[in-house]
Amino acid sequence: GQNIDQPTEMTATEGAIVQINCTYQTSGFNGLFWYQQHAGEAPTFLSYNVLDGLEEKGRFSSFLSRSKGYSYLLLKELQMKDSASYLCAVGNTPLVFGKGTRLSVIA
Amino acid sequence: DVKVTQSSRYLVKRTGEKVFLECVQDMDHENMFWYRQDPGLGLRLIYFSYDVKMKEKGDIPEGYSVSREKKERFSLILESASTNQTSMYLCASRQDTDTQYFGPGTRLTVL
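Residue numbers (the numbering used here), protein chains in the order written: chain E, 1 to 107; chain Z, 1001 to 1111.
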C-alpha cells in the first residue's frame, strides 16, 4: 500500500524554528517533494529531495532519509506569511500526497 | 515559468447539470492530473493522463470523466453534477518525475 503521514496541525511563534515531519511507505520512489499551500490557493513547490541528506534553500530546508522513509521540512525565522498548509508528496507518477500539516504562526 | 491555467476560479451549477472544467498548460508536459481537495481529506486524485487520448483512473473517478484531445489541454467532466461534488478542483501538470505544477483551482458549488 501507499501511505504518507504528517501531523495535522502545528503552531509556532514568529521568529522561531519549526520542523514538520513526514513519514512514508510507497511502492515507488523518485524523490520527495514539499509544497506550500495558503488557504484558498493552489499548492506551490518548495523543495525536492532524491538523495539522503539536507537541502537548504534560504529559510527553508528539507531532509530525507530513504532507509527510514522519513523527511522533514525545517522553517527558520518564522514569519506570519508562513502560516499555510505544508504537503509532503512521494512516488512516481502519480505522486502520492500527504493530507498536509496546517501551520499557524502566532505573534 | 510554467503556467497551468484553469477556465474558472469560481463556478456555481445546479444538480443534474453537465459541468466542464478546463485546464491548459504551456510547458509541453506529458502528464496532467485532476484532483479535488476537501477539508480534512487532502488532495484526492480523480484522473490523470500521461499522453494525448490516454487516461487513467485515480482514487475517486466515480461521477467524473476526462478528455485529452491535445497535449496542452485536459478537461474534467461532471456528467450530472451532484451536491457531493461541491469542492475545490485542482489541475496539475508534470514532465516525467520532475516538479509537478498546479493551476489556481476552481471552487465548484453544486446547488
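Derived from the structure by calculation, the hints contain no laboratory data.
Quick caveat: nothing in here was measured; it's all calculated off a predicted structure.
Where a beta carbon is used, it is the ideal one built from N, C-alpha and C, also for glycine.
Mixed in with the good hints there might be a few duds.
Unchecked claim - Quick list of simulated restraints, FRET-style, between CB atoms:
no., chain 1, residue 1, chain 2, residue 2, range
1, E, Glu77, Z, Arg1044, 26 to 36 Å
2, Z, Glu1062, E, Met10, 25 to 35 Å
3, E, Leu74, Z, Lys1071, 18 to 28 Å
4, Z, Ile1060, E, Leu74, 24 to 34 Å
5, E, Thr8, Z, Asp1059, 37 to 47 Å
6, Z, Lys1003, E, Glu55, 42 to 52 Å
7, Z, Gly1042, E, Tyr70, 32 to 42 Å
8, Z, Ser1080, E, Glu55, 24 to 34 Å
Said to hold, decoys possible - According to the in silico footprint, chain E covers these stretches of chain Z (three or more CB under 8 Å from chain E):
no., stretch
9, 1007-1021
10, 1068-1076
Going down the list of hints, with the structure as the test:
no. : hint                            : verdict
1   : E:Glu77 - Z:Arg1044: 26 to 36 Å : holds, 34 Å
2   : Z:Glu1062 - E:Met10: 25 to 35 Å : holds, 34 Å
3   : E:Leu74 - Z:Lys1071: 18 to 28 Å : violated, 38 Å
4   : Z:Ile1060 - E:Leu74: 24 to 34 Å : holds, 33 Å
5   : E:Thr8 - Z:Asp1059: 37 to 47 Å  : violated, 20 Å
6   : Z:Lys1003 - E:Glu55: 42 to 52 Å : violated, 25 Å
7   : Z:Gly1042 - E:Tyr70: 32 to 42 Å : violated, 19 Å
8   : Z:Ser1080 - E:Glu55: 24 to 34 Å : violated, 46 Å
9   : 1007-1021                       : violated (count 0)
10  : 1068-1076                       : violated (count 0)
In terms of the numbered hints stated before, the structure departs from hints 3, 5, 6, 7, 8, 9 and 10, listed from lowest to highest.
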